[in-house]
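*Asks:* Sequence:
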Amino acid sequence: MGKLYIECYNKRIGLKRLSAAVYDTLCQTDDIKVELGFVSAEEIKEYNRTTRGVDKVTDVLSYPSLDGILGKVLKVKDYPHDLDDGKIFLGSIILCSEKIREQAKEIGHSQQQETQYLIVHGLMHLFGYDHMTDEDKKLMREKEKIALAKLGITQ
Numbered sequence: 004m005g006k007l008y009i010e011c012y013n014k015r016i017g018l019k020r021l022s023a024a025v026y027d028t029l030c031q032t033d034d035i036k037v038e039l040g041f042v043s044a045e046e047i048k049e050y051n052r053t054t055r056g057v058d059k060v061t062d063v064l065s066y067p068s069l070d071g072i073l074g075k076v077l078k079v080k081d082y083p084h085d086l087d088d089g090k091i092f093l094g095s096i097i098l099c100s101e102k103i104r105e106q107a108k109e110i111g112h113s114q115q116q117e118t119q120y121l122i123v124h125g126l127m128h129l130f131g132y133d134h135m136t137d138e139d140k141k142l143m144r145e146k147e148k149i150a151l152a153k154l155g156i157t158q
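Mapping of the sequence shown onto my numbering: position 44 corresponds to residue 47, and the numbering continues sequentially without gaps.
Any given hint might turn out to be false.
[Said to hold, decoys possible] Straight-line Cα separation of at most 30 Å, DSS-like style, residue types lysine-lysine; simulated pairs: (1) 141 / 6; (2) 36 / 148; (3) 6 / 80; (4) 102 / 141; (5) 19 / 90; (6) 6 / 75; (7) 153 / 78; (8) 36 / 102; (9) 19 / 6; (10) 148 / 6.
[Unchecked claim] Label-pair restraints from in silico Cβ distances: (11) 108 / 80: 45 to 55 Å; (12) 113 / 40: 16 to 26 Å; (13) 15 / 66: 18 to 28 Å; (14) 112 / 14: 18 to 28 Å.
In case anyone wonders, no lab produced these hints; they're calculated from the structure. Computed from a predicted model, the values in this text were never measured in an experiment. All C-beta atoms in this analysis are idealised placements derived from N, C-alpha and C, irrespective of residue type, glycine included.
Could you put the whole structure together from the sequences, leaning on the hints where they help?
*Replies:* Written out as structure tokens, the structure reads:
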């Protein structure tokens with residue numbers, strides 16, 4: 004049995020339980036790798052502007068490397084050109100530290116809980132989930148709630 008490796012390149016945070024919760028929720032079996040980074044409001048605004056054409060600060064951006072994978076169990080043998088150290092490279096997630104603090108305070112929960120939610124949300128995007136239609140949003144939120152419940156977080 005494989006696992007989901009989340010490589011955080013500029014902050015030390017524990018992600019073992021979170022990655023296992025998402026991996027199990029989505030019934031994955033092979034090794035998968037994701038990169039994660041934290042940036043300032045100014046930096047995420049620039050990423051958002053240059054990659055999405057939206058000139059504003061946001062909390063999380065996801066950059067999937069694979070298309071058409073919604074609901075699929077990913078197998079290393081099916082993605083020989085998308086491997087990083089023998090793991091399927093799923094993409095990148097960028098989080099805005101300032102938005103995390105701001106939103107945690109607004110909602111009334113910890114920064115850790117807000118960070119966990121946003122990472123789960125970003126991972127769902129990398130796995131092909133979206134919230135462009137009500138039907139898509141319902142499916143994505145359902146998967147997020149299952150993964151978050153495994154972490155003891157209810158919304």
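*Asks:* Now, for every hint given, state plainly whether the structure supports it.
*Replies:* Here is how each hint holds up against the structure:
no.: 1; hint: 141 / 6; verdict: holds, 26 Å
no.: 2; hint: 36 / 148; verdict: holds, 22 Å
no.: 3; hint: 6 / 80; verdict: holds, 16 Å
no.: 4; hint: 102 / 141; verdict: holds, 24 Å
no.: 5; hint: 19 / 90; verdict: holds, 16 Å
no.: 6; hint: 6 / 75; verdict: holds, 15 Å
no.: 7; hint: 153 / 78; verdict: holds, 24 Å
no.: 8; hint: 36 / 102; verdict: holds, 25 Å
no.: 9; hint: 19 / 6; verdict: holds, 10 Å
no.: 10; hint: 148 / 6; verdict: holds, 20 Å
no.: 11; hint: 108 / 80: 45 to 55 Å; verdict: holds, 46 Å
no.: 12; hint: 113 / 40: 16 to 26 Å; verdict: holds, 21 Å
no.: 13; hint: 15 / 66: 18 to 28 Å; verdict: holds, 22 Å
no.: 14; hint: 112 / 14: 18 to 28 Å; verdict: holds, 19 Å
When each numbered hint is compared with the structure, no violation occurs for any of them.
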